[in-house]
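Asker: Can you make the complete structure from the sequences, with help from the hints?
Protein chains in written order, with the working numbering: chain A, -15 to 90; chain B, 4 to 176.
It is worth saying that the hints were derived from the structure and are not from the lab.
Certain hints may be false.
Said to hold, decoys possible - Coverage of chain A stretches by chain B, computed from C-beta distances (three or more under 8 angstroms per stretch; other residues unrestricted):
1. -5 to 2
2. 7 to 16
3. 27 to 38
4. 41 to 48
5. 58 to 64
Said to hold, decoys possible - Capping the alpha-carbon separation at 35 angstroms, the derived lysine-lysine pairs in DSBU-like fashion look like this:
6. B:K171 / A:K86
7. B:K117 / B:K171
8. B:K170 / A:K86
9. B:K90 / A:K89
10. A:K89 / B:K171
11. A:K89 / B:K134
12. B:K117 / A:K86
Stated by the list, open to error - Simulated DEER-style distance windows between Cβ atoms:
13. A:F39 / B:L79: 36 to 46 angstroms
14. A:L77 / B:T125: 34 to 44 angstroms
15. B:V156 / A:Q47: 44 to 54 angstroms
16. B:M78 / A:N84: 34 to 44 angstroms
17. B:S132 / A:L85: 19 to 29 angstroms
Please read all numbers here as calculations on a predicted model, not as lab measurements.
Just so you know, even glycine gets a beta-carbon here, dropped at the ideal spot from N, CA and C.
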Amino acid sequence: MDNVLNQIGIENYIFLSVILFCIGVFGVLYRRNAIIVFMSIEIMLNAVNLLFVAFSTYHQDAQGQVFVFFSMAVAAAEVAVGLAILVAIFRNLGSIDVANLKNLKG
Amino acid sequence: MSTVLIIFYVLSAVTLSTAFMTIFSRNPIHSAIYLVICFFSIAGHFLLFNAQFLALVHVIVYSGAIMILLLFTLMLMNLNKEDEVHKPRFTRLGAVISVVATCGILLSIFLRSKPIVGDYDTTGEDYQSIKVLGQVLLDQDNGFMVPFEFVSVLLIVAMIGAVLLSKKENSAK
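Answerer: Now the structure itself:
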């Protein structure tokens, strides 16, 4: 059985994941719409998952993929609760602009 | 240049460009559509690794469940108009500078570190088919049975919490 990393190389996957993670960080810092911030967090989680699978193939070990499975479950729970919180915020404030959430700023 | 490498480059270009468009499109619905394409291309990366189980679960969970949740929330809030104001210029400049610095530092670390990877050897045994993955996950001795059960507890707690949070309180006052 041929290892796909022989033709691609682990470093290409590291660079792809780093760039994808930085795009996610940029979305969190740049946008004000809270849903887009959520999408950026999903992009970051996916970058890390991709690297997990790449190193799982590199070590020929299934435990990395099991970890990705758990992180997907946690991401699904996080999105459900987070969107419920966003809906509650939208009911109270009428917008989901993250700049409006500054009651704790003092 | 082998076929696999060409597929990898095409998939990576799709992933990065759609992730970028997710951040930059003004309409949140368009962002969600771009995000679906991004998730599908990441599932393509998983298929390239021959990780069938993760590719399937990724399509079901991300492109299915999470995107439906996001789209329903967007429609519930009626946010498909493009009236978002930008952050102040100072904050945006800070965001750009910090992201460029993070990206540059991480990339230069991995470019300059010259890791000793050697050859990618294959043991030849099957380690990532759905059957083997299930055995690793639910093995009696050193499996992941307890975390697996805790994930189910986490999911049901998240479900109850989401229902409670988004329920309308008509008995207030």
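Asker: Next, verify each hint and record whether it holds.
Answerer: How the hints compare with the structure:
1. -5 to 2: holds (count 6)
2. 7 to 16: holds (count 9)
3. 27 to 38: Three-residue rule met by the stretch 27 to 38 of chain A, so holds; n is 6.
4. 41 to 48: holds (count 6)
5. 58 to 64: Coverage by chain B holds for the stretch 58 to 64 of chain A (7 residues, Cβ < 8 angstroms).
6. B:K171 / A:K86: Within the cut-off at roughly 24 angstroms; holds.
7. B:K117 / B:K171: Roughly 57 angstroms separates the two Cα atoms, so the pair is violated.
8. B:K170 / A:K86: Measuring from Cα to Cα gives roughly 24 angstroms; hence the hint holds.
9. B:K90 / A:K89: Holds, at roughly 17 angstroms.
10. A:K89 / B:K171: Measuring from Cα to Cα gives roughly 27 angstroms; hence the hint holds.
11. A:K89 / B:K134: 52 angstroms, violated
12. B:K117 / A:K86: 45 angstroms, violated
13. A:F39 / B:L79: 36 to 46 angstroms: 39 angstroms, holds
14. A:L77 / B:T125: 34 to 44 angstroms: At roughly 55 angstroms between Cβ atoms, T125 (chain B) and L77 (chain A) fall outside 34 to 44 angstroms, so the hint is violated.
15. B:V156 / A:Q47: 44 to 54 angstroms: Given about 22 angstroms between the Cβ atoms, the range is violated.
16. B:M78 / A:N84: 34 to 44 angstroms: 21 angstroms, violated
17. B:S132 / A:L85: 19 to 29 angstroms: 46 angstroms, violated
In this structure, the hints that do not hold are numbers 7, 11, 12, 14, 15, 16 and 17, in rising order.
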